[in-house]
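With the hints as extra help, turn the sequences into a complete structure.
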Amino acid sequence: MTQLERQDAERFAALTLANLTRRWPWKPGHVAYGPEDLMPPDALHPAFYGSYDWHSCVHGWWQVLHLLRRVPDLEQAGAIASLADRTLTADAIAGEIAMFDRAGAATFERPYGWAWLLALHGEARCHSERRWAATLAPLADLLAKRMAAYLTRLSHPLRQGAHGNSAFAMLLAHHWAKRGNEALAQTIETRAADWFGADRDCQAWEPDGDAFLSPALIEAALMARLLPVSQFTDWFDGFLPRSGDREPRTLFVPVTPPDRDDAKMVHLDGLNLSRAWCWRLIGDTLPPGHATIHVAREAAASHLSQSLPHLADSYMGSHWLATFALLALGGEA
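Just so we're aligned, residue 690 is where the sequence shown starts under the working numbering, counting upward by one.
In case anyone wonders, no lab produced these hints; they're calculated from the structure. None of these values were measured; they are calculated from a predicted model. Don't take each hint at face value.
Label pairs and their in silico Cβ distance ranges [claimed, not checked]:
{"hint": "1", "residue 1": "Asp1002", "residue 2": "Glu764", "range": "15 to 25 Å"}
{"hint": "2", "residue 1": "Thr841", "residue 2": "Ala721", "range": "22 to 32 Å"}
{"hint": "3", "residue 1": "Ala838", "residue 2": "Tyr722", "range": "34 to 44 Å"}
{"hint": "4", "residue 1": "Ala732", "residue 2": "Lys867", "range": "31 to 41 Å"}
{"hint": "5", "residue 1": "Glu1021", "residue 2": "Arg695", "range": "11 to 21 Å"}
{"hint": "6", "residue 1": "Asp951", "residue 2": "Pro729", "range": "20 to 30 Å"}
{"hint": "7", "residue 1": "Ala787", "residue 2": "Asp934", "range": "49 to 59 Å"}
In the EDC-like style, the derived pairs of lysine to aspartate or glutamate whose C-alpha atoms are separated by at most 16 Å in a straight line are [what the hints assert, rightly or not]:
{"hint": "8", "residue 1": "Lys716", "residue 2": "Asp951"}
{"hint": "9", "residue 1": "Lys953", "residue 2": "Asp897"}
{"hint": "10", "residue 1": "Lys716", "residue 2": "Asp726"}
For each residue, glycine too, the CB sits at the ideal point set by N, CA and C.
In structure tokens:
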């Protein structure tokens, strides 16, 4: 499996830094109740106004802070730290909280953006010499409470290949919650056991034509994070019992977007990258000698190579794909 190279880190950072302060084009995701809700992006979102939409800006920030930590002498290190000092301020985060407190904002960015904000806060906590984590903490606390309430109320998991996917949000949120919010961690563990614990012989009827997540593999990645190795191995052998033979075949075959200028179709590049991430997590979790390890690592490499050269082909991909490339190359959110 390819590891993160310095040239990739600098390419990812350059792509994302250019977008974090890019206001247009902008895709707002909130409900407008009056003209006061139709302000420019940086007026509604003082911190996370760039990168086309709110969640892409948030996980773009996660990406550059993660790169800053992993490659401290990164060419863009000074620019990242300086921009973070100017942007991730107490006033800006108070403005973001005010947006979430608006009428009609109860479902804004639920659950995908919420989970990425928790991942960003978790990454910021790793930069102890900076104040970024402290300023992000009130928003993280708010969205953690909303996440717990949402998962408690939700009757069935969302098994889709896009932003609503429950397992993806739970995966990111649990990683954050294990460092200080045991109640949310327990909620996620209980929900995962209830929703996914008995899943067997997954047929993997995927991908959707505009998916960027594999419902099957993101569920398996979640369970790999939550379960002890022996329990995960038993669960995985029941969930994908023919994986060692590369079945279901759909999970092992990379896809090609028919139009990378199409905001939805380019999601398929994200699918390749997120599948590479999931296969890496699965292969790294299974015990030595398991029949799936080799094919998991092969699948991770083939999916990564299919889309890694295309991160900057179109703005519809360049504003977000580098985050998933970083996950595929060993980033942990």
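* Tell me, which hint numbers fail for this structure? -> Of the numbered hints given earlier, the structure breaks just one, which is hint 3.
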